[in-house]
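Chemist: Protein sequences appear in the order of chains A and B.
If you're matching positions, the first sequence starts at 1 in this note's numbering and goes up one per residue.
If you're matching positions, the second sequence starts at 1 in this note's numbering and goes up one per residue.
If you're looking for bench data, these hints aren't it; they were derived computationally from the structure.
Heads up, a few of these hints could be off.
If chains are identical, the list can't say which one is meant, so a pair holds when it fits in one copy or spans any two.
In silico DSBU-like pairs for lysine-lysine, Cα to Cα no more than 35 Å straight-line [unchecked claim]:
id, residue 1, residue 2
1, Lys340, Lys514
2, Lys589, Lys508
3, Lys125, Lys589
4, Lys86, Lys523
5, Lys157, Lys138
6, Lys138, Lys255
7, Lys259, Lys347
For clarity, every value in this text was computed on a predicted model and none was experimentally measured.
Protein chains: 2
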Amino acid sequence: MYRTHTCGELRIENAGQTVTLAGWVQKSRKLGGMTFVDLRDRYGITQLVVDASADNELIETASSLGREWVLQVTGTVIERQSKNPKMPTGDIEISLSSIKVLNRANTPPFTIEDVSDGGEELRAKYRYLDLRRNPLQKAIKLRHQIAHEVRNYLDAKSFLEIETPYLIKSTPEGARDFVVPSRMNPGQFYALPQSPQTFKQLLMVAGYDRYFQIVRCFRDEDLRADRQPEFTQIDCEMSFVDQEDVLDTFEGMMKTLFKNVLNVEIAGRIPRMSWYDAMDFYGSDKPDIRFGMKIHEVTDLVQGHGFSVFDSVGYVGAINVEGAAEYTRKQIDELTEWVKRPQVGAKGLVYIKLNTDGSIKSSVDKFYTPEQLQAVADRLGANKGDMMLVLCGEKRKAQNMLGVLRIEMGNRLGLRDPFNFAPLWVVDFPLFEWDDETQRFYAMHHPFTAPKPEHLELYYSDKKEDLEKVCANAYDFVLNGTELGGGSIRIHEAEMQQRMFEILGISKEDAEYKFGFIINAFKFGAPPHGGLAFGFDRVCSLFGGQETIRDYIAFPKNNQGRDVMIDSPSYIDQLQMDELFLESKAERKEE
Amino acid sequence: MYRTHTCGELRIENAGQTVTLAGWVQKSRKLGGMTFVDLRDRYGITQLVVDASADNELIETASSLGREWVLQVTGTVIERQSKNPKMPTGDIEISLSSIKVLNRANTPPFTIEDVSDGGEELRAKYRYLDLRRNPLQKAIKLRHQIAHEVRNYLDAKSFLEIETPYLIKSTPEGARDFVVPSRMNPGQFYALPQSPQTFKQLLMVAGYDRYFQIVRCFRDEDLRADRQPEFTQIDCEMSFVDQEDVLDTFEGMMKTLFKNVLNVEIAGRIPRMSWYDAMDFYGSDKPDIRFGMKIHEVTDLVQGHGFSVFDSVGYVGAINVEGAAEYTRKQIDELTEWVKRPQVGAKGLVYIKLNTDGSIKSSVDKFYTPEQLQAVADRLGANKGDMMLVLCGEKRKAQNMLGVLRIEMGNRLGLRDPFNFAPLWVVDFPLFEWDDETQRFYAMHHPFTAPKPEHLELYYSDKKEDLEKVCANAYDFVLNGTELGGGSIRIHEAEMQQRMFEILGISKEDAEYKFGFIINAFKFGAPPHGGLAFGFDRVCSLFGGQETIRDYIAFPKNNQGRDVMIDSPSYIDQLQMDELFLESKAERKEE
Numbered sequence: 001m002y003r004t005h006t007c008g009e010l011r012i013e014n015a016g017q018t019v020t021l022a023g024w025v026q027k028s029r030k031l032g033g034m035t036f037v038d039l040r041d042r043y044g045i046t047q048l049v050v051d052a053s054a055d056n057e058l059i060e061t062a063s064s065l066g067r068e069w070v071l072q073v074t075g076t077v078i079e080r081q082s083k084n085p086k087m088p089t090g091d092i093e094i095s096l097s098s099i100k101v102l103n104r105a106n107t108p109p110f111t112i113e114d115v116s117d118g119g120e121e122l123r124a125k126y127r128y129l130d131l132r133r134n135p136l137q138k139a140i141k142l143r144h145q146i147a148h149e150v151r152n153y154l155d156a157k158s159f160l161e162i163e164t165p166y167l168i169k170s171t172p173e174g175a176r177d178f179v180v181p182s183r184m185n186p187g188q189f190y191a192l193p194q195s196p197q198t199f200k201q202l203l204m205v206a207g208y209d210r211y212f213q214i215v216r217c218f219r220d221e222d223l224r225a226d227r228q229p230e231f232t233q234i235d236c237e238m239s240f241v242d243q244e245d246v247l248d249t250f251e252g253m254m255k256t257l258f259k260n261v262l263n264v265e266i267a268g269r270i271p272r273m274s275w276y277d278a279m280d281f282y283g284s285d286k287p288d289i290r291f292g293m294k295i296h297e298v299t300d301l302v303q304g305h306g307f308s309v310f311d312s313v314g315y316v317g318a319i320n321v322e323g324a325a326e327y328t329r330k331q332i333d334e335l336t337e338w339v340k341r342p343q344v345g346a347k348g349l350v351y352i353k354l355n356t357d358g359s360i361k362s363s364v365d366k367f368y369t370p371e372q373l374q375a376v377a378d379r380l381g382a383n384k385g386d387m388m389l390v391l392c393g394e395k396r397k398a399q400n401m402l403g404v405l406r407i408e409m410g411n412r413l414g415l416r417d418p419f420n421f422a423p424l425w426v427v428d429f430p431l432f433e434w435d436d437e438t439q440r441f442y443a444m445h446h447p448f449t450a451p452k453p454e455h456l457e458l459y460y461s462d463k464k465e466d467l468e469k470v471c472a473n474a475y476d477f478v479l480n481g482t483e484l485g486g487g488s489i490r491i492h493e494a495e496m497q498q499r500m501f502e503i504l505g506i507s508k509e510d511a512e513y514k515f516g517f518i519i520n521a522f523k524f525g526a527p528p529h530g531g532l533a534f535g536f537d538r539v540c541s542l543f544g545g546q547e548t549i550r551d552y553i554a555f556p557k558n559n560q561g562r563d564v565m566i567d568s569p570s571y572i573d574q575l576q577m578d579e580l581f582l583e584s585k586a587e588r589k590e591e
Numbered sequence: 001m002y003r004t005h006t007c008g009e010l011r012i013e014n015a016g017q018t019v020t021l022a023g024w025v026q027k028s029r030k031l032g033g034m035t036f037v038d039l040r041d042r043y044g045i046t047q048l049v050v051d052a053s054a055d056n057e058l059i060e061t062a063s064s065l066g067r068e069w070v071l072q073v074t075g076t077v078i079e080r081q082s083k084n085p086k087m088p089t090g091d092i093e094i095s096l097s098s099i100k101v102l103n104r105a106n107t108p109p110f111t112i113e114d115v116s117d118g119g120e121e122l123r124a125k126y127r128y129l130d131l132r133r134n135p136l137q138k139a140i141k142l143r144h145q146i147a148h149e150v151r152n153y154l155d156a157k158s159f160l161e162i163e164t165p166y167l168i169k170s171t172p173e174g175a176r177d178f179v180v181p182s183r184m185n186p187g188q189f190y191a192l193p194q195s196p197q198t199f200k201q202l203l204m205v206a207g208y209d210r211y212f213q214i215v216r217c218f219r220d221e222d223l224r225a226d227r228q229p230e231f232t233q234i235d236c237e238m239s240f241v242d243q244e245d246v247l248d249t250f251e252g253m254m255k256t257l258f259k260n261v262l263n264v265e266i267a268g269r270i271p272r273m274s275w276y277d278a279m280d281f282y283g284s285d286k287p288d289i290r291f292g293m294k295i296h297e298v299t300d301l302v303q304g305h306g307f308s309v310f311d312s313v314g315y316v317g318a319i320n321v322e323g324a325a326e327y328t329r330k331q332i333d334e335l336t337e338w339v340k341r342p343q344v345g346a347k348g349l350v351y352i353k354l355n356t357d358g359s360i361k362s363s364v365d366k367f368y369t370p371e372q373l374q375a376v377a378d379r380l381g382a383n384k385g386d387m388m389l390v391l392c393g394e395k396r397k398a399q400n401m402l403g404v405l406r407i408e409m410g411n412r413l414g415l416r417d418p419f420n421f422a423p424l425w426v427v428d429f430p431l432f433e434w435d436d437e438t439q440r441f442y443a444m445h446h447p448f449t450a451p452k453p454e455h456l457e458l459y460y461s462d463k464k465e466d467l468e469k470v471c472a473n474a475y476d477f478v479l480n481g482t483e484l485g486g487g488s489i490r491i492h493e494a495e496m497q498q499r500m501f502e503i504l505g506i507s508k509e510d511a512e513y514k515f516g517f518i519i520n521a522f523k524f525g526a527p528p529h530g531g532l533a534f535g536f537d538r539v540c541s542l543f544g545g546q547e548t549i550r551d552y553i554a555f556p557k558n559n560q561g562r563d564v565m566i567d568s569p570s571y572i573d574q575l576q577m578d579e580l581f582l583e584s585k586a587e588r589k590e591e
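In isolation and in its complexed conformation, chain A is listed as follows:
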């Protein structure tokens, strides 16, 4: 036993006790004849003190300590002269009788503080030092806690955690697989799973009824910001359920997480919003409902008054920004430039201000009477002091731009507090997306997603306009404008599946080649089933109030998919290549 207590647990009640602690030197300083040392471990920081009256060797050792040295110390808990109410151990300090240096430490290349002086790259290279910092320790602990709560909740609901294989088979659809050459099967490859989708559906066929797994998934994509080649999902599937059963179960899980992890009570039912409403009112399939500022269509109000920009488009929509009538010309110009950037893609921005003096001011004054502008204000519920922002174009595109603008204005107005949690289910997605270029339908989720039971007639119709109306038995869990998870009720009947392939223009042969194995399994008594998966890294970061997932992964990769700490990927021996029957066609760069 190296210690009697951790560095986080001693209190005034322990005064007088002789204790032994072990940890790292956070900092040390001399004051008068005394030496103060902050000793840190995962559990906290405790102040150590070596008195001027201590024996010389002890004083000398105390004076020699460097940052991040590892110590074992023994001493007596005493009440502090000047207490530190910000620290849980701030009422006490340890008057030392001995210091044992367990290990010295080189000076770390950056400070181990809440805000470090090290750049991102340097901290990534020394990730094991960055991980000592308190914000990262909190993040990793939070992740553990969430995983533990998820497992307890699902275990109590009779879910079984079942491990599915990581060495599986490359699939011809979707994102790129990472592949693994097989030495024992020359020329052949395993693939790493993008998700355990096939296996969890097989587990339902196998009668496991309720499955979950907190599982690593792999996707060899060109990495966008904040994507990782390996990521973790909370993956779930249930048998003999309809959509409401799934939503209820996982609504309960998320509420339990909020309550047990963050002590946040989500009152009542988590709202359900149709995909159509999400697009129409928020311009997004993952609306942030922490604030209003809904999108309203105003096409009927603004067309036919001689303003050709509005007259020539299919859709005009607007949002009302409360209290923004104060915006200056300069601010509006800046906002106009902002929406014209390619990331948004608007051609221009029209504003309508309801000034506090009752007057109306707009960039399109000359085309509209104040009464006509007031009609727009009435529809948007705008009041004196507000400013409306109007964009136009093809309907979904314009709504999307308005959605992006809405989020930006929400940010500017401070309406997006990360610790205000507004979860939401988005439901009733269209089952199909029509692609004009290839003149065919694509599955919006995947070709095993079932249509809504009430849309079966449309599903079997021959008309394109009917098929476009078919809603999927699919759902997304959205939190604060981020999609945290999603899933669907799956097709379990052969006839319905056949119809799906027909609509998607997948021939029997093609279906057999691409999905033959799972279709075959389904012939042996597949139960009705459905499920969903949550992005676990993202759940953790949002629960931590952060945008980026990287701090919630102990050893993440950078945007080039590299682990710069261990310097991976790397070249391998020719011998190893030979054993795998492989030859590299890449030019070998000097290392």
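Chain A is already provided as a structure; the job is to place chain B on it using the hints.
Modeler: The following block gives chain B in isolation, referenced to the frame of chain A:
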């Protein structure tokens, strides 16, 4: 909601209730005018009955049902005429008012019964059907339960479950890595981890204090029986601990598992046995201590009496098989052939029988007096009716053969009940193994394992015979003759690590090349730490009373590393090969 109850929960108290169940047809049969159907789900089997007086359509549907069809049924719970006390639901049946066929099923290629008529290969191909069988459902549930108990225990002990990466770096030592070509880093490869060893030690450097993970590991080895290319470990590491702290913690974990999962109380402290005793008395580093039959050296008693076979070897040892004096000549001959097989490798077998009439009979009668043979019997504590078996050779080899023979005799005498659990810690391993061929020492565990504190003087000695005596701060957890886990206290000081490399003949440059990254991390304040890993698949199978792990893995691979269900590994597209800058030198077999 497809059901009001599962197929496992209805009891006599529910009689009179109207219920809806969903599940699979286990079997159906006609008796008189009635149709009986056993409906199965994960939770149990409930008997359904359609009365002769029911309406025609219902009777017709009931008659048409095939095995493994998926049904939703509604009816009234009634008390059975003839109860089945073997089934939890055996007091009741459901008198049906409706049957809805949710899905038909092809006739499965083998029976879904406790003992199936399907061969191993066929069942592997249709694993999703094999997984419906009760023994496999029990195994998978047991696995879930053990994992859950492990997590609860470790969470309560302040361990954090921290996920380490799967895409890591190939290491030049040890077993073969599976590698993963990187598309974004042409010509370079990730490796899949054989264990998270490096990362868990880094987490200790990073101050996480107590880490665990139930984690997949990968080893591209030629598969021996019951090995899998991917397997699961309970991986753990702790800081500021000595060996006893680690043993106590995981002894507590295993006892909790025995208690909570199997309701088995392991009384007292789990025994600790030195590696030397294990080898001397059991001829194995993983002794099965469910039974005695210890090995005794008898070299001093049998040499110098003119029997040249014994006189010419370094070691003669024996075991005493209780009650085996009845063994016939034929049985002894058969046993002699058995030990002469290459798997054991003995040159012959000597027996000494203590007959019940008091006489002594041995295959080496002519070299030894009865008194001399009795001296052997005395050492072994043999009684009338027992038979001693004697083998000789080089000490460790002979002990190993005696160990194998001991296990065999234990099996023959029924001393190895799988539900009698005898756990054991094997400790005090030698730190080094001398290899005569290369004339150098190798690390018995790995080069980061610390010597025992009391052997430090030997560790820094120059003499080979001193170094051979150094014991490692390492330990194995053994259950019923199987190694379930093992680990060590790691070296955390630079000087001690340097000495290790020196003893192993690893130059500074080599050490830098092979381990530079972790050595560097250790310079920034590594705490004393140690840990261990349990083979989770093996823990599950032993808890289930089975020898083979395959039933405890939902989707295992066969001995060629293939998943015959999904037919993986497989060839991939040339396009995919090109993207990875790879060319295959293997001849492509026809598929």
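Chemist: Each hint should be assessed against the structure and marked as holding or not.
Modeler: We went through each hint and held it up to the structure:
1. Lys340 <-> Lys514: neither (43 Å within a copy, 53 Å between copies)
2. Lys589 <-> Lys508: between (47 Å within a copy, 26 Å between copies)
3. Lys125 <-> Lys589: Classified as within: same-chain Cα gap 21 Å, cross-chain 44 Å, threshold 35 Å.
4. Lys86 <-> Lys523: between (64 Å within a copy, 32 Å between copies)
5. Lys157 <-> Lys138: Both, since 29 Å and 18 Å are each at most 35 Å.
6. Lys138 <-> Lys255: Both ways: Lys138 and Lys255 sit 21 Å apart in one copy and 31 Å across, limit 35 Å.
7. Lys259 <-> Lys347: So Lys259 and Lys347 fail the 35 Å test inside a copy (45 Å) and across (70 Å) alike.
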